[in-house]
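Assemble the whole structure, with the sequences as input and the hints as a guide.
Keeping their order, the protein sequence lines are chains C and V.
In this text, residue positions in the first sequence follow my numbering: the first is 1, and each later residue adds one.
In this text, residue positions in the second sequence follow my numbering: the first is 1, and each later residue adds one.
Don't take every hint at face value.
[Unchecked claim] Among chain V residues calculated to face chain C with C-beta under 8 Å, some are: (1) Leu-28; (2) Gln-62; (3) Ala-63; (4) Asn-67; (5) Met-70; (6) Asp-106; (7) Val-110; (8) Thr-159; (9) Gly-194; (10) Val-198; (11) Arg-239; (12) Phe-241; (13) Phe-258; (14) Val-260.
[Claimed, not checked] Calculated pairs, DSS-like style, for lysine-lysine (alpha carbon to alpha carbon, straight line, at most 25 Å): (15) C:Lys-234 x V:Lys-149; (16) C:Lys-225 x C:Lys-123; (17) V:Lys-149 x C:Lys-105.
Hints were generated in silico from the structure; no laboratory data involved.
Here a beta-carbon is modelled for each residue, glycine too, at the ideal position from N, C-alpha and C.
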Amino acid sequence: MLLLAHRNLFRDRTRFLLSVAGVAVSIGLILLLAGYRSGVYRQSSSYLDNTPGEVVVAERGIRDFLGTSSALPAGAEEAVRQTPGVDRVIPVISQFVIFERHGRKDGFFLIGYEPARGGGPWKLAAGREPAAVDDLVIDRTAANQHAIAIGDTIAVLDRTMRVVGLSDDTTFWAGSIAFARITTLESLLRAPGLRSFLLVTPAAGVTPEALRDRLAVPATEVLIKSEVVANDRKLLARVYDAPIGLMVAIAFLVGVLVVGLVIYAATIERRREYGAIKAIGARNRTLYRVVTIQAFIAAAVGAIVGVVLAYGAGAVLVAWRPQFRVDIQPAAIGVVLAGSLLMALAAALIPARSVAHLEPAEVFRG
Amino acid sequence: MSATLLLARRNLGRNRCRLVASVGGVALALTLTLALDAIYAGVANQLTTYIDRAGADVWVAQAGVRNLHMVASWLADSVTDEVRAVPGVAGVTSILYSTDTIAARDERAVAYVIGLPADPSIGGPWNVVEGSDRVARGEITIDRGFARKAGVSIGDSVTVLGGEARIVGLSEGTANLLNSVAFVSFDDFRATRGGAPVVSFVLVRVVPDASPEAVAAAIERQVPSVTAQSRADFSAQERRFVMDMSADVISIMNVIGFVVGLAVVALTVYVATLARRREYGVLKALGARNTALYRVVSAQAALSVALGFLVALAVTGVIVLVVPRTGLGLELSISAASLAKVGLFAIVIAALAAILPVRQVSSLDPAVVFRRGTAI
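Have a look at this one:
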């Protein structure tokens, strides 16, 4: 039976390649989308992942880092610093800024920090950190895209700022991260003393949870960093998961269709042979099995090619648009391989009816 | 109907399964592109709701601020009077603005929080369905959808701008996929910023017959360090922002949709030709030329793509109708440009799909029909 399936499938090489290509495109697409999604999530936490501090202090009611403008009450920084068990406090101001260059709008998550206390770029690729009030460090990929070099100026709100450094690892799903001194943001936002977030490192021997419970500053929200990261992801999921889910579903259906069609074509073409098998006493079940094995072979080979395709397409995508990151997780590969088997099963249903309706007498017809 | 078209239609229609697969595949691929365009266009439309409905003819912001979403704009208090003095200005209302989180019970959501003066002529909620459209200190007007989700109503309190506020009004049409709009008192808002004498935007109504664009230009000339835009311009900038930010994602998805559509149509036309080999052989034996056969194959590709396009249109239409009822806060909108683009995709797909079976047809031996043993 395996032999029959094998022969049916391989006799016409074009058709076999088509069915493999169908599965491969579909699997590759699903894997690429999944990798793109986890890349987006990974990027969303890059600032918090790379900045010291286990506990985040924000304005009361604010539990994410990216979605909103947090403003801490005056005196919050001092109160946190004096809490026992606090080793280090990094104050930052964050503000989303939209700028335009070459007729195209782009966004910066502008971070104001004090270079002496931390919270700045963690991978400076060129130049230096901001020293003067109009100094700005921007992401290298964003700089390349907008043809900005060190020494160039950019209009940020009502100020002209000079790019003094380029950082890596700071591209982002909706723009990139840029850095300036904290005093620059205070004056840009006309809010002297403004602080958006405090990133707090506990002293040795103090757990982040214990420190969180100890930090009771009025009108603030105290959270473990991982909670903030999770909340940022949830925010992203609202925007990203519906379209990506839709596309994964469509890619899956297309895979089923392609494999099903090819095997269907292989089946109707071999109708005479199937009729002959029926005529010598084979049951429908046997024929189904032949069809299903064909589908499985096509799906298995297609899935392997699809995985390779996803890695290749991911590399091409990142080279074309470096702000995207594609993280193909081993777990996703497992899920997708299982999905391809499901695809094969669904595809085998398409030619099943034509097999069942086959007349054994077909073989004797001229 | 010409003989070519008739034959193509028969070839396609005789096998229902293949027809469904081919039309369905094209429809799926085109729906992918069309629906995604509709989602982004819908988001862009929704994001400008506050700009469109606040009632201002001209928006005055901190210099360089041409968008609203998530941005900061801070102007010295004195700018309000300077703007009022510009010829052509009929009235001004200054508001404070920030993107903040509002929280009630276990529900939290991102909101544009607007600080409204005690007696605003413009800038307030435009469709309050319950309670008051005015907010005093300690009060807030929120979107009814959020209130429902959180299970709160008038008189309950929510956390906003680091403090508590009591709900006095519920408005409709103030929410989208990303955020809703909430209104608090100007004084409360200012207090959360340490009482600094600043405003975010000055909303301007122009005198009758004055052009908002001309008044905006006059404001920029007379008041230093501000950016003034007519409502239409501000709205257009906001739309452009969404489109620019989503342009890369959309182009990637367009490529994917295109490749998938092409793969499916090419395959179905190829398979259909394969299965009808005998008939084509008969035609050839009867003296039909290759070109005539190509025409039949191309017509098949064109027919399935055209049908697929129509189905995609219908499916997207249904999605556009259904999604707003799901409570996602998402409205979709199909633009003429998007239709034209997808239509063009469809034509290119059909043209490319018709190329694949060319070799198949031309290498067909008319004698195939006379061979007894050949499988169909």
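Status of each hint after checking the structure:
With a least beta-carbon distance of about 5 Å to chain C, the hint placing Leu-28 (chain V) at the interface is held under the 8 Å criterion. Annotation: Gln-62 (chain V) was flagged as interfacial toward chain C, and the flag holds, the nearest CB pair being 5 Å apart, inside 8 Å. Interface restraint check: Ala-63 (chain V) against chain C, minimum CB-CB distance 3 Å, threshold 8 Å, status holds. Using the Cβ-Cβ criterion of 8 Å, the hint placing Asn-67 (chain V) at the interface with chain C is satisfied: the shortest such distance is roughly 5 Å.
Hint on Met-70 (chain V) holds. Least Cβ distance to chain C is approximately 4 Å, under the 8 Å limit. The beta carbon of Asp-106 (chain V) is not positioned within 8 Å of any beta carbon in chain C (closest approach about 11 Å), and the interface hint is therefore violated. Nearest Cβ of chain C to the Cβ of Val-110 (chain V): about 5 Å, under the 8 Å cut. The hint holds. Nearest Cβ of chain C to the Cβ of Thr-159 (chain V): about 4 Å, under the 8 Å cut. The hint holds.
The criterion of a C-beta within 8 Å of any C-beta in chain C is met by Gly-194 (chain V), whose closest approach is roughly 6 Å, and the hint holds. At about 5 Å, the closest approach between the beta carbon of Val-198 (chain V) and any beta carbon in chain C falls short of 8 Å, and the interface hint on this residue holds. The interface hint given for Arg-239 (chain V) is violated, since its Cβ lies 10 Å from the closest Cβ of chain C, which is over the 8 Å cut-off. The beta carbon of Phe-241 (chain V) comes within 5 Å of a beta carbon in chain C, closer than 8 Å, and the hint placing it at the interface holds.
Evaluation of the Phe-258 (chain V) hint against chain C yields a violated restraint, the C-beta minimum of about 12 Å exceeding 8 Å. The beta carbon of Val-260 (chain V) is positioned within 8 Å of a beta carbon in chain C (closest approach about 5 Å), and the interface hint is therefore held. Taking the CA atoms of Lys-234 (chain C) and Lys-149 (chain V), the gap is about 17 Å. The hint holds against a cut of 25 Å. With a CA separation close to 21 Å, the supplied pair Lys-225 (chain C) and Lys-123 (chain C) stays within the 25 Å bound.
Between Lys-149 (chain V) and Lys-105 (chain C) the CA atoms are separated by roughly 34 Å; this puts the pair beyond 25 Å, and the hint is violated.
When each numbered hint is compared with the structure, violations occur for hints 6, 11, 13, 17.
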